[in-house]
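First to last, the protein sequences are chains Y, S and R.
Offset between the first sequence (1-based) and my numbering: plus 189.
Offset between the second sequence (1-based) and my numbering: plus 20.
Offset between the third sequence (1-based) and my numbering: plus 8.
In short, the hints are calculated from the structure, not lab data.
For each residue, glycine too, the CB sits at the ideal point set by N, CA and C.
One should not assume that every hint holds.
Computed spacing ranges between beta-carbons, pair by pair [said to hold, decoys possible]: (1) S:Ile230 - R:Thr12: 26 to 34 Å; (2) Y:Glu240 - R:Ser157: 48 to 56 Å; (3) S:Phe135 - R:Lys28: 25 to 33 Å; (4) S:Gly131 - Y:Leu243: 20 to 28 Å; (5) R:Lys28 - S:Gly140: 51 to 59 Å.
With a straight-line Cα cutoff of 27 Å, these simulated DSS-like cross-link-like pairs (lysine-lysine) come out [to be verified]: (6) S:Lys353 - R:Lys25; (7) R:Lys25 - Y:Lys239; (8) R:Lys28 - Y:Lys239.
Chain R stretches covered by chain S per the calculated footprint, using a threshold of three residues with CB under 8 Å from any CB of chain S [said to hold, decoys possible]: (9) 33-40; (10) 64-75; (11) 88-94.
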Amino acid sequence: MVEDKTSFLERLLDRPIALLIMSNAIFAVSYFIWGVMKVWTTSPIPEALKETILGGK
Amino acid sequence: MFMKCDLTGFNVDKRVIPLIKANAVAATVSLLLAVTAALLVLLTRWQVIHLLPVDWYYRILTFHGLVALVVWVVFWEMAGLYFSSTVVLNARQIAPWLGWLSFVLMVAGTGICAFTILTGRADVLFTSYAPLKANPLHYLGIILFAVGALIVCGLFFANLIVAKKEKTYGDGPLPLFTFGLLTAAILAVGTLLPGAVIFVPTFLWSLGLIETMNSTVYRIVFWGFGHASQQLNVAAMISVWYLVAFLAVGGTSINEKVSRGAFFLYLIGINLASAHHLLTDPVPSPSWKVFNTGYFMYLAVLASMIHAFAVPSAIESAQRRRGFTKGLFDWLKNAPWGNPAFSSTFLALVGFGFIGGITGVVNGMEQTNMIVHNTLAITGHFKGTVVIGTTLTFMGVTYYLLPLIFRKKISFFSLAKIQPWVTWIGIAMLSIGFSIIGYLGVPRRHWDITFSGGPFTYTFPEIADLFWVVSVLGGTIAFIGVLIWVFVVVSTVFFGKPVKSKADMDTQMPIVSQPPALEHHKGFVAPGTFVLTLIFIATFIIYATLNWGWLSALWEVR
Amino acid sequence: MALTVPEKGWFQTKIAKDEKAWIIIALIVCLSLFVLMAGWHVVGKQNASSIVYDTSPDEFYKLSQANWRKYKIGEEEGIPVVKPPAGSDVFILATTWRWEPILVLKKGAEYRFHISSMDLVHGFSLQPLNMNFVIHPQYDYVLTFKPTSSGDFRIICNEFCGFGHHTMIGKITVEE
Ligand code: HEM
Ligand SMILES: [Cu+2]
Chain Y
190 MVEDKTSFLE
200 RLLDRPIALL
210 IMSNAIFAVS
220 YFIWGVMKVW
230 TTSPIPEALK
240 ETILGGK
Chain S
21 MFMKCDLTGF
31 NVDKRVIPLI
41 KANAVAATVS
51 LLLAVTAALL
61 VLLTRWQVIH
71 LLPVDWYYRI
81 LTFHGLVALV
91 VWVVFWEMAG
101 LYFSSTVVLN
111 ARQIAPWLGW
121 LSFVLMVAGT
131 GICAFTILTG
141 RADVLFTSYA
151 PLKANPLHYL
161 GIILFAVGAL
171 IVCGLFFANL
181 IVAKKEKTYG
191 DGPLPLFTFG
201 LLTAAILAVG
211 TLLPGAVIFV
221 PTFLWSLGLI
231 ETMNSTVYRI
241 VFWGFGHASQ
251 QLNVAAMISV
261 WYLVAFLAVG
271 GTSINEKVSR
281 GAFFLYLIGI
291 NLASAHHLLT
301 DPVPSPSWKV
311 FNTGYFMYLA
321 VLASMIHAFA
331 VPSAIESAQR
341 RRGFTKGLFD
351 WLKNAPWGNP
361 AFSSTFLALV
371 GFGFIGGITG
381 VVNGMEQTNM
391 IVHNTLAITG
401 HFKGTVVIGT
411 TLTFMGVTYY
421 LLPLIFRKKI
431 SFFSLAKIQP
441 WVTWIGIAML
451 SIGFSIIGYL
461 GVPRRHWDIT
471 FSGGPFTYTF
481 PEIADLFWVV
491 SVLGGTIAFI
501 GVLIWVFVVV
511 STVFFGKPVK
521 SKADMDTQMP
531 IVSQPPALEH
541 HKGFVAPGTF
551 VLTLIFIATF
561 IIYATLNWGW
571 LSALWEVR
Chain R
9 MALTVPEKGW
19 FQTKIAKDEK
29 AWIIIALIVC
39 LSLFVLMAGW
49 HVVGKQNASS
59 IVYDTSPDEF
69 YKLSQANWRK
79 YKIGEEEGIP
89 VVKPPAGSDV
99 FILATTWRWE
109 PILVLKKGAE
119 YRFHISSMDL
129 VHGFSLQPLN
139 MNFVIHPQYD
149 YVLTFKPTSS
159 GDFRIICNEF
169 CGFGHHTMIG
179 KITVEE
């Protein structure tokens, strides 16, 4: 069979839906999920810092 | 259902032609409205005239941003998606009624947004950063538009799948032009989905059904939509470059694997570049910023540089095979400059690379972004991408659309020939002017840079005044360029002589036959292009060095 | 060919010499950019900070008031003038349409700026240096600045925040 000789990339390039999923999966994970996770994991102002600001003279 | 096109030999589904026409007409109307708004905004920014009052400045600016960046470009791309997934493949259009439904949705969405903006219900600019809040209708309009466009992308995929199954375009991968637009459609899905994801909760929030919107999440998701949609413009634009190279000089990519590989790199990395809108935000973290704008984005930058070689080398190689082999640039001198589609494409390529591309890469680096974020340099940058690149390209290829789809000979052809040059010169001046003004610190989206009414005053360096003049002149020239185009297009569509035969086409917009095949030879295939790209890289390095030098002279910050 | 299926064997065609050379040059440039960006975090002196805290307008307002009270040296246009000691925390408040306080700093000293917004997103744009940062409500953006030049500086807002946006201008003075 001739088909067997086509490389993985060549076959992938001919599969629109596979490309659609691949491209958007990378985008979703690296940009959205990682980004929004970073937003969720910010921490409040440390108590010690608040005390020095509010305390003193 | 099908008819044979006597000019190209394609088997054309008759039902798709009105869809292409409708979207092209909607695009043209939006461009005209958008540039008219642009002129008002420009004459307000120039403090010498300071045309509009403060509220109308922001309203017209919102209108310009939305109608130019989203409406004009996306309508045009919808026409491109229909064309490339049916006509080019001899394929039939799946469910044309859905196409009409989405057209209605998009027109309605545009209408609603125009209404909310112009009646002062959406004074939020087109980015509408929460917690700035607009009338719920405004978000609804954007959602309708996005859903409409998403449906067209779905139709595009359906067309491709059916065409492949029915073997309408032979046995093998998609033609390069369609493959490029496939890339664009994939990126479009990635941009329209976040668009829906962010505007639906924003809509509910403005209705009062959701209590708060996190401003950071909004910006992350908004730019996943707002920037990624620009990447789809890039993919669509480059597809058109390949198309025009083929039609106007018979040029084909000197290596299909390289060109397709470059589109593949876009699929991997280009959308991540959305992160460069958040480089000076407190969150996400620097590692997120560096990774997303950095490593992966440079795959996409690499891809653009590959196209920057592949497109001109396709032209050069074809020209050389026709016998224009003298020296480095004989091929370029003897290119069909009288063909406005060709001149638009080549000018767009140069402008996009040297102005939009170089400023884009450097302004999009994590640290150097600090110098330009939200200054007019950013506006200057994207005038060099989406206007000199995408818009000029789309305007140019319309000259092929008119005889092929509308079957009309172009009226006022001599005007059509100068239009690309006028537009290019205008936008180049506007873009460079704005960039320099931005580096001097002048903010974008600002009604009065003398800060009247504020507690303090500040005067920007005087040299900025000179570049305001350059920008205003350039903007006006560009405006005239667009007017010429609209005039030619409208008079062609309504009053043009019909195209009856191939001879009618050949006198204006010939589809050039293939040059003789390349014989094997050892040296460079495209030495002229190679030299051009070396000049490009040298310019890039100089620009980057200036920016990093500037950066290192700033206050220390960490 | 842009409009037709590529010829058989397209995937095996060898890449021309000049195209290959160009791709290699472009790749090297791309990788250097990446190294530069990551490396600047190590050797460079201008990097956006990685420190940010969750806060609320109420909390941030209270902290700012306490901070200004300690170091206040006067008032100008109804805005407090604050002269914090070198190495201290400095609170800056963006409110539609005002930057507070007016700061008096010392050249060469380091200050930990805490910047947040009371309402909308604002843009912190330091002129004439042209250094720009985005300021969000609900977030305390901690940027450690070391002024390396002296004179009169302005903070202008460069993120649209309503019709008074253009009046939003603040001041920093750096003494020798
Ligand atoms: C004759 C042509 C044009 C002229 C003279 C022009 C001029 C301008 C001016 C003066 C601004 C406002 C800068 C500011 O005050 O912040 C602007 C913004 C903008 N322009 Fe254009 N423009 C033109 C065409 C276009 C086209 C064709 C597009 C898109 C395809 C476009 C996209 C944009 C966008 C996205 C903005 C930013 C809006 C914002 O900041 O909200 N422009 N343009
Ligand atoms: Cu503001």
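Checked against the structure, which of the hints given earlier come out wrong? 1, 2, 3, 4, 7, 8, 10 and 11
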